[in-house]
Amino acid sequence: MARALVVDDSAVGRMILARLVRREGWAVEEADCGEAALATLERERPEMVFLDLLMPGTSGLDVLRRIRGAGIDVPVVIVTAEVQAHHRAACEELGVHAYLNKPVSGEQISRVLESAKAVLL
Amino acid sequence: MNACHTVEAPSPTRDAVLAALHDGWQRSAAVFREMFELPVSFGEPLLRESDSIAVQVGSVAVAMEFAGSSRGLGVLSVSRATARTLVAAMLSCSETDDRVTPLLAPTVLELGNVVINSIVGDLGDLLGEQYRFKVPDTLRPETLRAYESTATHVGLLKGWTMIADQPPAALVVGVVLAEAGDGA
Chain B
86 MARALVVDDS AVGRMILARL VRREGWAVEE ADCGEAALAT LERERPEMVF
136 LDLLMPGTSG LDVLRRIRGA GIDVPVVIVT AEVQAHHRAA CEELGVHAYL
186 NKPVSGEQIS RVLESAKAVL L
Chain D
-11 MNACHTVEAP SPTRDAVLAA LHDGWQRSAA VFREMFELPV SFGEPLLRES
39 DSIAVQVGSV AVAMEFAGSS RGLGVLSVSR ATARTLVAAM LSCSETDDRV
89 TPLLAPTVLE LGNVVINSIV GDLGDLLGEQ YRFKVPDTLR PETLRAYEST
139 ATHVGLLKGW TMIADQPPAA LVVGVVLAEA GDGA
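From first to last, the protein sequence lines are chains B and D.
Using my numbering, read the first sequence as starting at 86 and increasing by one per residue.
Using my numbering, read the second sequence as starting at -11 and increasing by one per residue.
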């Protein structure tokens, strides 16, 4: 079973997103901060990362920089409430599979997981 | 009580601010549908400028500070009853379930994160501002007072949400745009 890592400091945000990802038949690991996300990524090597941007301490953008800096090419989907274009541009510069604004729908999650599978195969 | 000068604000700021608030309000219905998988409709909100964002006693309120070349505070307030409805829907359980109460504040924090970002992001686009947000937090009266004391604009939306078969519930969204500086 493919595994996804869901990173969000909000327990409610993680709960909602993890539920949608599990519905698509994926296993889900969760991390509540950037440092925990990086540790989980190193340990578990999930096939996909769903990453919130606005988190205390290590932000989602910092996590993305460190993932790319380490040469890890896992597909990263940003799932954030940040709607302004400069946030999206900063993420796209580092390379993201998709950038989704909260709240995300089951249909959106289904689409990005399908397209990620195509990249992974 | 504060330095609110909304009526004298230079064009197009006043109308633009209110228009952005209104657009964000309309989109908030979608937030409820997707986050909580609840059928919801929104009544036309009472939209006005105000001297202050008054938060009802007994409500659950969240605030997000934001800053660009200007700074401000976004606030979302819902009644505890509405918050219970939302959490119960999210968990697919009864509103009296033991799991509901501990999740009231975290749920409204996440809801506030989405709704305030949406509204203030629109506002930023309109004003040519690139806002950076701090993480959402429970509203503290002293934080609100600090922003309101140097406010240049205060926009307030109060509307009614009809969630599933529940009685209409009040939802309040406020945005304070404050003078530049770090006084808050």
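Simulated from the structure, these hints should not be mistaken for lab results.
Watch out, some of these pointers could steer you wrong.
Computed from the model, here is a short list of chain D residues facing chain B with C-beta under 10 angstroms [unchecked claim]:
no.: 1; residue: Val28
no.: 2; residue: Val43
no.: 3; residue: Met78
no.: 4; residue: Leu79
no.: 5; residue: Cys81
no.: 6; residue: Asp85
no.: 7; residue: Asp86
no.: 8; residue: Val88
no.: 9; residue: Thr95
no.: 10; residue: Gly109
no.: 11; residue: Gly112
no.: 12; residue: Asp113
no.: 13; residue: Tyr119
no.: 14; residue: Arg133
We treat Cβ as the ideally placed atom computed from N, Cα and C, and that holds for glycine.
Do the hints match the structure? See the list:
no., hint, in the structure
1, Val28, "violated, 12 angstroms"
2, Val43, "violated, 21 angstroms"
3, Met78, "holds, 7 angstroms"
4, Leu79, "holds, 9 angstroms"
5, Cys81, "violated, 13 angstroms"
6, Asp85, "violated, 15 angstroms"
7, Asp86, "violated, 16 angstroms"
8, Val88, "violated, 12 angstroms"
9, Thr95, "holds, 5 angstroms"
10, Gly109, "holds, 4 angstroms"
11, Gly112, "holds, 6 angstroms"
12, Asp113, "holds, 6 angstroms"
13, Tyr119, "holds, 6 angstroms"
14, Arg133, "violated, 24 angstroms"
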